[in-house]
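Q: Which chain is which? The protein sequence lines are A and B, in order.
So in this note's numbering, spot 323 of the first sequence is number 323, and the numbers just go up one at a time.
In short: position in the second sequence from 1, add 1000, done, that's this note's numbering.
Treat the hints with caution; some may be incorrect.
[Said to hold, decoys possible] To spell it out: a stretch of chain A is covered by chain B in this simulated footprint if at least three of its residues, at any positions, have a beta carbon under 8 Å from a beta carbon of chain B; those stretches are:
{"#": "1", "stretch": "62 to 72"}
{"#": "2", "stretch": "231 to 240"}
[As the list claims (entries may be wrong)] Capping the alpha-carbon separation at 27 Å, the derived lysine-lysine pairs in DSS-like fashion look like this:
{"#": "3", "chain 1": "A", "residue 1": "K322", "chain 2": "A", "residue 2": "K372"}
{"#": "4", "chain 1": "A", "residue 1": "K297", "chain 2": "A", "residue 2": "K315"}
{"#": "5", "chain 1": "A", "residue 1": "K7", "chain 2": "B", "residue 2": "K1114"}
{"#": "6", "chain 1": "A", "residue 1": "K142", "chain 2": "B", "residue 2": "K1028"}
{"#": "7", "chain 1": "A", "residue 1": "K167", "chain 2": "B", "residue 2": "K1028"}
{"#": "8", "chain 1": "A", "residue 1": "K353", "chain 2": "A", "residue 2": "K282"}
{"#": "9", "chain 1": "A", "residue 1": "K322", "chain 2": "A", "residue 2": "K297"}
{"#": "10", "chain 1": "A", "residue 1": "K106", "chain 2": "A", "residue 2": "K246"}
{"#": "11", "chain 1": "A", "residue 1": "K273", "chain 2": "A", "residue 2": "K82"}
{"#": "12", "chain 1": "A", "residue 1": "K354", "chain 2": "A", "residue 2": "K386"}
{"#": "13", "chain 1": "A", "residue 1": "K82", "chain 2": "A", "residue 2": "K205"}
{"#": "14", "chain 1": "A", "residue 1": "K353", "chain 2": "A", "residue 2": "K399"}
{"#": "15", "chain 1": "B", "residue 1": "K1028", "chain 2": "A", "residue 2": "K106"}
{"#": "16", "chain 1": "B", "residue 1": "K1285", "chain 2": "A", "residue 2": "K106"}
{"#": "17", "chain 1": "B", "residue 1": "K1028", "chain 2": "A", "residue 2": "K73"}
{"#": "18", "chain 1": "A", "residue 1": "K311", "chain 2": "A", "residue 2": "K372"}
{"#": "19", "chain 1": "A", "residue 1": "K210", "chain 2": "A", "residue 2": "K233"}
{"#": "20", "chain 1": "A", "residue 1": "K167", "chain 2": "B", "residue 2": "K1195"}
{"#": "21", "chain 1": "A", "residue 1": "K233", "chain 2": "A", "residue 2": "K322"}
{"#": "22", "chain 1": "A", "residue 1": "K233", "chain 2": "A", "residue 2": "K369"}
{"#": "23", "chain 1": "A", "residue 1": "K313", "chain 2": "A", "residue 2": "K296"}
{"#": "24", "chain 1": "B", "residue 1": "K1160", "chain 2": "A", "residue 2": "K142"}
{"#": "25", "chain 1": "A", "residue 1": "K330", "chain 2": "A", "residue 2": "K347"}
{"#": "26", "chain 1": "B", "residue 1": "K1285", "chain 2": "A", "residue 2": "K7"}
{"#": "27", "chain 1": "B", "residue 1": "K1028", "chain 2": "A", "residue 2": "K148"}
{"#": "28", "chain 1": "A", "residue 1": "K362", "chain 2": "A", "residue 2": "K315"}
{"#": "29", "chain 1": "A", "residue 1": "K148", "chain 2": "A", "residue 2": "K206"}
{"#": "30", "chain 1": "A", "residue 1": "K372", "chain 2": "A", "residue 2": "K246"}
{"#": "31", "chain 1": "A", "residue 1": "K296", "chain 2": "A", "residue 2": "K311"}
{"#": "32", "chain 1": "A", "residue 1": "K354", "chain 2": "A", "residue 2": "K322"}
{"#": "33", "chain 1": "A", "residue 1": "K167", "chain 2": "B", "residue 2": "K1050"}
{"#": "34", "chain 1": "B", "residue 1": "K1028", "chain 2": "B", "residue 2": "K1285"}
{"#": "35", "chain 1": "A", "residue 1": "K322", "chain 2": "A", "residue 2": "K369"}
{"#": "36", "chain 1": "A", "residue 1": "K73", "chain 2": "A", "residue 2": "K311"}
{"#": "37", "chain 1": "A", "residue 1": "K273", "chain 2": "A", "residue 2": "K233"}
{"#": "38", "chain 1": "B", "residue 1": "K1102", "chain 2": "A", "residue 2": "K142"}
If you're looking for bench data, these hints aren't it; they were derived computationally from the structure.
Computed from a predicted structure; not experimentally measured.
Built from N, CA and C at the ideal position, the CB exists for glycine as well.
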Amino acid sequence: MNNTILKIENISKQYRLGLVGTGTLSHDLNRWWHKIRGKDDPYLKIGALNDRTTSSDSEYVWALKDINFDVAKGDIVGIIGKNGAGKSTLLKILSRVTGPTTGSIKSKGRIASLLEVGTGFHPELTGRENIYINGAILGMSKAEITSKIDEIVAFSGCERYIDTPTKRYSSGMTVRLAFAVAAHLEPDILIVDEVLSVGDAEFQKKAIGKMQDISNSDGRTVLFVSHNMAAVKSLCTRGIVLQNGKSVFDGTSTEAVDFYLNSSVGEETSSVKKINDFQNKKPFFITEVSIITSDKKGRTYVYTNEDFWIKIKYKFNEIIRKCHMTLVFKDQTGEVVLFLDRSDYYKEYYVAKKGCFESTIKIPNPLLKPGKYYISIGLANQDTNKNAHELDILSFTIKDVDSLRDSREGAIFLPVPWEITEI
Amino acid sequence: MSNITNRETDEWLFEITPKGKLIDLNFKEIWRYRDLLWILVRRDIVTVYKQTILGPLWFVIQPLFTSVIFTLVFNGFGSLGTGSVNAFLFNMGGITIWNYFKECFVGTSDTFKKNAAIFGKVYFPRVIVPMSITVSNVLKFFIQFVIFLLFYFYFLSQGKAGIPSIFILLLPILIIAMGMMGLGLGMIISSWTTKYRDLTVAVGFGVQLLMYISAVPYSLGEIKNSNQEWVQIATPFIEYNPLTQVIEGFRNMFFGLETFNIIMLLYVIVFSFFVFFVGLVVFNKTERNFIDTV
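The following block holds chain B by itself, in its conformation from the complex (with noise of 0.2 Å):
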């Protein structure tokens, strides 16, 4: 570049050693290769329903329906109670911040294995296709999430909807929170997948399960009030699961149902960055030798 006579001194530009520092983050790189990141987003969103008919409108249809099911199956079989809220957009609720942080998880957790032949070819700062990927859900979070307003302003109008809290002005935070714990345990999910390959496995019915025990379907409320002994066993787990705080935050903060719960957030808060921080020094540790294994 025009910058070479400049660097007639003696200082080195870069240097490659065998073991890098625990947090090696250059962030001048990753600012560098920033055109990257946004090249790489909207490359998510514009390939992923090319030649498909319906198109963008997938992006609505998949919460939609999965709403619809689990409103038939959670409150009108298993009959589970919602309050005041409507079945479906209680549903649609949950459903819409779990899809963001699933996308996020399962998006990022085969960075290493789906990215094998670039990475081993060119070298750039690899945690820009993790962000990547994180950023494209924010947007595809957003899609849905206006999805979800329509029709909550809808049930709001029908007195169905319950009470907005003064919370709900702490949304941003929340959805920071789910995107950084997406993007932390998928590094470290990506980053064993490249030496212990069981990972993929159980990646694919683990977040599926994960669904059930993070209050997606019910209210914490809910099962807090029953009677039968195993809810009773799982209720502690469930609750003091970072995931389930973030739905029950996020209906709380729409629905009012119960009081929004300050002293979890700051739970969240701290979990997320503690799972991020680790994400990124497996990560890191890895991105150097993993074309050896993978």
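Next comes chain A alone, as it looks inside the complex (with noise of 0.2 Å):
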């Protein structure tokens, strides 16, 4: 028995960074000049792999390399990544947004995608005018819209609305109206990539719940893409991780999930990193910093129940009379989150003689939320101004016990009594 509907073979998808425009005209002429002596493109042997950590010489770069899976009918999979890693290509390139740049996709299905909600709406029209435009742009027929505006009407819960100009509708209401659109569109393969962080709290469940409806009922497929682990692991029958446009993990959701939250900690990172000493000649300068927890263990993960300790090495070339330390995290979109400064706890700086020494920093916790940090360190000669600091040297992640609370907003996890008496 022959179940698959959806086949992905080697895809690839290639991008040149940098500012479009510049030079293409040269590189198009080049392209055209190897294609009739019969070459290959001369842009596509030098693609880099999509690091973005790592600058690379290339200006060419594989948003997505050499992606396999079959999907079956019915199933619902969830596609994780960190962001960059290429999810939004792939959807793209399955919803026909755009082409991939080698391999093939067969589909035995119509396929739909809610890529972003609220396409095609012009603002002069009414609610019931644009969902006949929306709709006959994700594919419906004008009477298969008709037969079912009723029900698109109620779901979004605009009636009062319906015969007005979208353009007085609040944001608000027009994405409820949008995704009304979509969710009514029956295709075979339905895209959804991250629609649900729109709309309030009701109408996320609401939203959710026809998801489930859509593919439990009619089995048809789903591919969801979205950043929020909890509905991936509960909504989805498979998960696949992309990892740096790369298929890393296939497996069940649950198991896509973990590995995920865990090759995340482990990727990159170390929980010593080393500085050369090549700078030997200035006056002072950090040579090494380390996490370790309670068990004076490195690690690179620790959990959102237990204290860690930040460990600074340092060499002094020379005495320096006011001294100034700080330590910095950030968080993975980069905000600062913690500025800790020495001498707020001693009132004063630090003395510092000529030789190496090596601190200590007792992080307490439960005090960060869960997710991923960067350690910045600082130090400053207060009577003369220099300094020398090192930049996002240390990644490291604060897992949660228990449950997944990667999403919640706020910079601070803090688990405080909350006592209830009835009065």
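Since each chain comes alone in its own frame, lean on the hints to assemble the complex.
A: And the structure:
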């Protein structure tokens, strides 16, 4: 029995970095010159993998490289990965918004995407007219829309405004109306990308319910991309993890989420970072940074309920009478969430003698919410204004002990007693 | 859809590959999206004059006022002759058919740029968009054409509209050819603008200049008789400009100023098919990956 509805073979996608438009004509001419002589595209060979942390000399990167998988009818596949892992590119290729550079995709069913809802809404037209336009863009026929319009309007909860131009709608109403149209479209394969991040909580619940309905009752296939691990775990039957444009894991959704969380911890970091001694001539500098936990071992992750220590080694080549020391934590978006200054506690600057020193800074937990953090360290001589710093030198992850609270807002995690008394 | 069940065979509904065929027009698919075409045409016509006082009257005001100004400038100040035909009617004929081409061309020439947001999110046969623009311009043309006919019959009764020619029966061919040229050129330009933005600027004044070398405010016969050296150099360029031939042909059908040139009509048909075909190929090639460059 062949149940495969979608077959993805060796899909790769190349992008050109930098400014589009500068030198495209010369590249085009060069490409054409190679082509007429029957040679390969000169810009295709040098593509490097899409790892944005390491810079490459190549202008071209592979956003996706050799992706292979089959999807069976009725599967709900969650596609997870960090920002820039290639998830959206994959969905764009699947929904035929852009073409692949190499490889092929074969499909037995109609694919429709909810990449971003609200496409094609015309502000001057009424909600009803826009339902028709939006539905038609998504591939419905006029008759199909007419038969469903009452259901769509009811689902959106915009009955009162349905004959008002959509330019008078709030952004929330627009989104609800658009999702309502898309949810009533009946493709064989539905692609959903992060739509659930919009709308209020009640509407999100409705939307997730609708997605479950779609797949459960009608046996439709869904491809779901999200950063919301809880949603992926509960909705999907299968999970695929993308990393730097490659598919690195394919299994059940629970396994995939676990794999993703573990790999995002261990992938590029070690618990110790040594800095080369080439800067020996400088008056002072940082030589080593590490993270340790209560068992005195280095780790790249800590749990929300355990304290941890940052160990920093310095070398001073001269005496500093007022040494200013700082330790900064940034979250995954690059936002500074914690700024520690040694003099906050001691009320005075450190007096540094010549030689090598080591300090251990205790960070009490629970303090930061689960997630990935980057450490930066600064040293400064307050008298001469000379300084030495290491930016984003080490990363670590704070893991949740039990359930997943990654998507929660705010920077701080703090379990507090929450007493309730009857009054 | 309900037909999932009868797809149990091993046949793939469609395949996505990096390189498409030269002409990859899936007519079945376009047919499936025909409702979208009509909805877009309706949207085009309905939304243009929303929140305006005069509303659809604007369809009429535009050619009328342009004809008045042209008559004033070219036939008043410039004293260009229009034979036995009233100058205002002469200009109106040229402007009606020229406007139709211009709207088709300009309207489709920014297809990719204007629709980048939608094209970046959902798939549908992209060619639906320029097609819908062309269709709605055919409808707009008919409105303006009816106005032209009103004036035509009035001047005809006054004996100031020349003699209509039997070739007037070929009018539909002329209209289709003009639409295909506008659409074809528009598709070519819209594809190129995704990469080379300079073209957007060029289209704006280019179409303005094009009007002057397409014999809109004067008749071809008038410049052929000119003694000025510059005009003589320019004449062949104007004469073999297919747009000139459509406009001249249109006027000759109604006014019979000169005999209708059937050879030139064939030339126009061949050219419009060629432009349309090239437009489709270029458009088709661009639609696959334009979202990465736009």
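Q: A separate judgement is required for each hint: does it hold in the structure or not?
A: Verification of the supplied hints:
Residue count for the stretch 62 to 72 of chain A with a Cβ under 8 Å from a Cβ of chain B: 0. That is fewer than the three needed, and the coverage hint is violated. Here the stretch 231 to 240 of chain A counts 0 residues with a CB under 8 Å from a CB of chain B, which misses the bar of 3, and the coverage is violated. With a C-alpha separation of about 33 Å, the suggested pair K322 of chain A and K372 of chain A falls outside the 27 Å cut-off, and the hint is violated. For the suggested pair K297 of chain A and K315 of chain A, the alpha carbons sit about 23 Å apart, so the restraint of at most 27 Å is met.
Distance restraint check for K7 of chain A and K1114 of chain B: the Cα-Cα separation of roughly 33 Å exceeds the 27 Å cut-off, and the hinted pair is therefore not satisfied. For the given pair, K142 of chain A sits about 17 Å from K1028 of chain B by alpha-carbon distance, which is consistent with the 27 Å threshold. About 35 Å separates the Cα atoms of K167 of chain A and K1028 of chain B, which puts this hinted pair outside 27 Å; it is violated. This hinted pair checks out: K353 of chain A and K282 of chain A have alpha carbons roughly 15 Å apart, not beyond 27 Å.
In summary, the hint linking K322 of chain A to K297 of chain A is not supported, as the alpha carbons are separated by about 32 Å, beyond the 27 Å threshold. Between the alpha carbons of K106 of chain A and K246 of chain A the distance comes to roughly 19 Å, so the proposed pair stays at or under 27 Å and holds. Pair hint K273 of chain A plus K82 of chain A holds up; C-alpha atoms about 23 Å apart against a cutoff of 27 Å. Pair hint K354 of chain A plus K386 of chain A holds up; C-alpha atoms about 16 Å apart against a cutoff of 27 Å.
Restraint check for K82 of chain A and K205 of chain A: the C-alpha separation of about 24 Å stays at or below 27 Å, so the hint holds. For the suggested pair K353 of chain A and K399 of chain A, the alpha carbons sit about 38 Å apart, so the restraint of at most 27 Å is broken. A distance of roughly 18 Å separates the Cα atoms of K1028 of chain B and K106 of chain A; the hinted pair therefore holds under the 27 Å criterion. Straight-line distance between C-alpha atoms of K1285 of chain B and K106 of chain A comes to about 20 Å, which keeps the hinted pair within the 27 Å bound.
Taking the CA atoms of K1028 of chain B and K73 of chain A, the gap is near 25 Å; set against the 27 Å cutoff, the hint holds. A distance of roughly 18 Å separates the Cα atoms of K311 of chain A and K372 of chain A; the hinted pair therefore holds under the 27 Å criterion. Straight-line distance between C-alpha atoms of K210 of chain A and K233 of chain A comes to about 17 Å, which keeps the hinted pair within the 27 Å bound. Pair hint K167 of chain A plus K1195 of chain B does not hold up; C-alpha atoms about 32 Å apart against a cutoff of 27 Å.
A threshold of 27 Å between alpha carbons decides the hint, and for K233 of chain A with K322 of chain A the separation of about 53 Å lies outside it, so the pair is violated. The hinted pair formed by K233 of chain A and K369 of chain A meets the criterion: a straight-line CA distance of about 21 Å does not exceed 27 Å. A threshold of 27 Å between alpha carbons decides the hint, and for K313 of chain A with K296 of chain A the separation of about 16 Å falls inside it, so the pair holds. Proposed proximity of K1160 of chain B and K142 of chain A is contradicted: the alpha carbons are some 49 Å apart, above 27 Å.
Of the supplied pair hints, the one linking K330 of chain A and K347 of chain A holds, its CA atoms being roughly 25 Å apart against a limit of 27 Å. In summary, the hint linking K1285 of chain B to K7 of chain A is supported, as the alpha carbons are separated by about 24 Å, within the 27 Å threshold. Under the criterion of a C-alpha separation no larger than 27 Å, the hint pairing K1028 of chain B with K148 of chain A is consistent with the structure, at around 24 Å. Among the hinted pairs, K362 of chain A with K315 of chain A is consistent with the structure: their alpha-carbon atoms are about 21 Å apart, no more than 27 Å.
At roughly 18 Å between alpha-carbon atoms, K148 of chain A and K206 of chain A fall within 27 Å of each other, so this suggested pair holds. Taking the CA atoms of K372 of chain A and K246 of chain A, the gap is near 21 Å; set against the 27 Å cutoff, the hint holds. Distance hint between K296 of chain A and K311 of chain A is fulfilled; the C-alpha atoms sit about 11 Å from each other, no more than 27 Å. Distance check on the hinted pair: K354 of chain A and K322 of chain A sit about 13 Å apart at the alpha-carbon level, within 27 Å; holds.
At most 27 Å may separate the alpha-carbon atoms for a hinted pair to count; K167 of chain A and K1050 of chain B meet this at roughly 13 Å. For the hint linking K1028 of chain B to K1285 of chain B, the alpha-carbon distance of about 19 Å falls within 27 Å, and the restraint holds. Between K322 of chain A and K369 of chain A the alpha-carbon distance is near 34 Å, which puts this suggested pair outside the 27 Å criterion. Under the criterion of a C-alpha separation no larger than 27 Å, the hint pairing K73 of chain A with K311 of chain A is inconsistent with the structure, at around 53 Å.
Under the criterion of a C-alpha separation no larger than 27 Å, the hint pairing K273 of chain A with K233 of chain A is inconsistent with the structure, at around 35 Å. Our distance criterion of 27 Å between C-alpha atoms is broken by K1102 of chain B and K142 of chain A, whose separation comes to about 31 Å.
Hints 1, 2, 3, 5, 7, 9, 14, 20, 21, 24, 35, 36, 37 and 38 from the list above are not met by this structure, while the remaining hints are.
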